[in-house]
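Undergrad: Here is how the chains run, residue by residue.
Number of protein chains: 2
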Amino acid sequence: MIRISIDAMGGDHGPSVIIPGIQKVVERRPDARFLLFGREDAVVPVLEKYPRVRAVSEFVHCEVAVRMDDKPSQALRQGRWKSSMWKAIEAVKKGEAEVCVSAGNTGALMAMSKFCLRTMADIERPAIAAIWPTIRGESIVLDVGATIGADAHQLIDFSILGAAMARALFDLDRPTIGLLNVGVEEIKGQEDVREAGRLLREADLRTMDYHGFVEGDDIGKGSVDVVVTEGFAGNIALKSAEGTAKQLAEYLRSAMSRTLFARIGYIFARSAFQRLREKMDVRKINGGVFLGLNGIVVKSHGGTDDEGFSAAVELGYDMARNSLIEKIRADLDLFHSQRSAGERTGTQTASGDI
Amino acid sequence: MIRISIDAMGGDHGPSVIIPGIQKVVERRPDARFLLFGREDAVVPVLEKYPRVRAVSEFVHCEVAVRMDDKPSQALRQGRWKSSMWKAIEAVKKGEAEVCVSAGNTGALMAMSKFCLRTMADIERPAIAAIWPTIRGESIVLDVGATIGADAHQLIDFSILGAAMARALFDLDRPTIGLLNVGVEEIKGQEDVREAGRLLREADLRTMDYHGFVEGDDIGKGSVDVVVTEGFAGNIALKSAEGTAKQLAEYLRSAMSRTLFARIGYIFARSAFQRLREKMDVRKINGGVFLGLNGIVVKSHGGTDDEGFSAAVELGYDMARNSLIEKIRADLDLFHSQRSAGERTGTQTASGDI
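Residue numbers (the numbering used here), protein chains in the order written: chain V, -4 to 349; chain X, -4 to 349.
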């Protein structure tokens, strides 16, 4: 049994999308149980229509709902201790749920998650990890916007977090890790990225296979299982890829409707286009994962539909089912024990055997 | 007449692609004249086959050619004063050419360009500008990899450079400028980006229309004519968009060849696909422009073909024809005179009238 706490008020559409989304999860993950937090007048009427969801859920009334446009500081001030978002996060802290899912606003959710769950020992700052569809399958990219800038040690933290997530989701023993960088010329590259690369290579952890630097176009190629970068570049990469995908879909649509022959061709190839659309369906990869906190929080896209919300919930389910938090804790312990062993024998920077 | 100096040894294929590329330019820009630098045994035999190119070109023998994998420091040490790359850049410095084009390695070309041409007065660091196809047409994005990190004043320099380039290429009086940033939440955003935004808004220059922050997905939408960012994020954005475009082309190819119906559909819609391919043809937007130096240098993609190389040359031609350097100088003067006038009256930060 996996227990999932849900902020039923989050997102642009609230319970009217969230409850039907959970219904889909109930069908596909029969041992999932739900703790639903929200305003009674908003949630209960929808819940009445989904008896299968009601049967596996417990509902908790919360007077306050964080709005999509609340600033993080405002949300914390008004919603701490009592909002549906806070209560859903707190359920993870109290051990009442293994994972929390919200489609609420990202800034507020991150601020509350940090305040409530705190970062793990040995982790300075949390990251948001995204699942990125690639030619070879899927990769994990982090950080896509939790923090601006990251020094070498934070990049190593992100690598450990991302590797653990890849092992929990992709059934890999030793996922490959790449540090996002620019070009290969000597004058290029950030000092912190190079330092992180050097330390990862030396550490040679059994939990990950450090591949080296990757460039922006390696993400879509699936050159590595996990791409690590700081939040500014990661967010720009994610959004610029999304923009390009929309742009090409638009080109394709306009090309296919221009002439009669093209429209006939479209009819013949309709099932191929359907497959393509499924391949490009962002709903299926919905869910940004907050990593580095004492508990898993999944942020669903605010504007998604029930299918998209169910994908975010199932992502949370799968990570909890595969003991992501325990994996991260073990990996951090391994890294830091190797590191301090290296420091004791004075070999951590030169011998490459830590 | 526009005089263009060419590093005929640059790129993966050297003169065998470069001379046919110039041939295409000769057909479309009849008043272009060329100064070709390269090894006689490599260039002259190809030139013999293209009499129309030979008729409008002067050839200068250079013993040394910078290799594609030379490090910038190595290229400078071995190729300064005498390589075809250096000589081509130097022709711009000496006023023998209005613009230099090379398909040689980016790091070496930038190092030599900086060393030979020097940055303009008032410009601290050069930028590489790329032309980005968008749903609405084309935008300029800079910096895509010349320098890592940029403070507020460098971002303003880049805005002035990009705005001048947009006016030279897109026939706009007052191009819109956006600063690339992440999200809109208060905890987010780099200090330097915010400071640059504040200063641009206050300056209210007549040469550009400052639009505000844009996100990664605004680039492909064409939300602004010029997107300004520092080189790390800019390079990641460019490469990640390229990666996504390749990935989707791959999906499309595989979807269209899977079933008989899809293949029949493809045949009907062939001209539509052809249009799509043209729309996505990166050769047509080939050319990174080095801005901020005392002269224009265009970097063509090293692996491009003659069509792609001709696009880079024509980009250089168009910028020279439209007096890019003079526009930049005038714009920098305008900005700095407004600024010092503002400082004299003590109004530069508060009144918004500088």
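Keep in mind that the hints were calculated from the coordinates and are not lab data. Certain hints may be false.
Put simply, identical chains are the same to the list, so a pair is met inside one copy or across any two.
[As the list claims (entries may be wrong)] Heads up, simulated SDA-like pairs for lysine to any residue below, C-alpha to C-alpha not over 20 Å straight-line:
{"no.": "1", "residue 1": "K241", "residue 2": "S218"}
{"no.": "2", "residue 1": "K216", "residue 2": "A325"}
{"no.": "3", "residue 1": "K89", "residue 2": "S252"}
{"no.": "4", "residue 1": "K279", "residue 2": "N289"}
{"no.": "5", "residue 1": "K216", "residue 2": "E133"}
{"no.": "6", "residue 1": "K274", "residue 2": "F256"}
Undergrad: For every hint, state whether the structure bears it out.
TA: Outcome of the hint check:
no., hint, in the structure
1, K241 / S218, "between (23 Å within a copy, 14 Å between copies)"
2, K216 / A325, "neither (30 Å within a copy, 44 Å between copies)"
3, K89 / S252, "neither (55 Å within a copy, 53 Å between copies)"
4, K279 / N289, "neither (26 Å within a copy, 50 Å between copies)"
5, K216 / E133, "within (10 Å within a copy, 25 Å between copies)"
6, K274 / F256, "between (25 Å within a copy, 19 Å between copies)"
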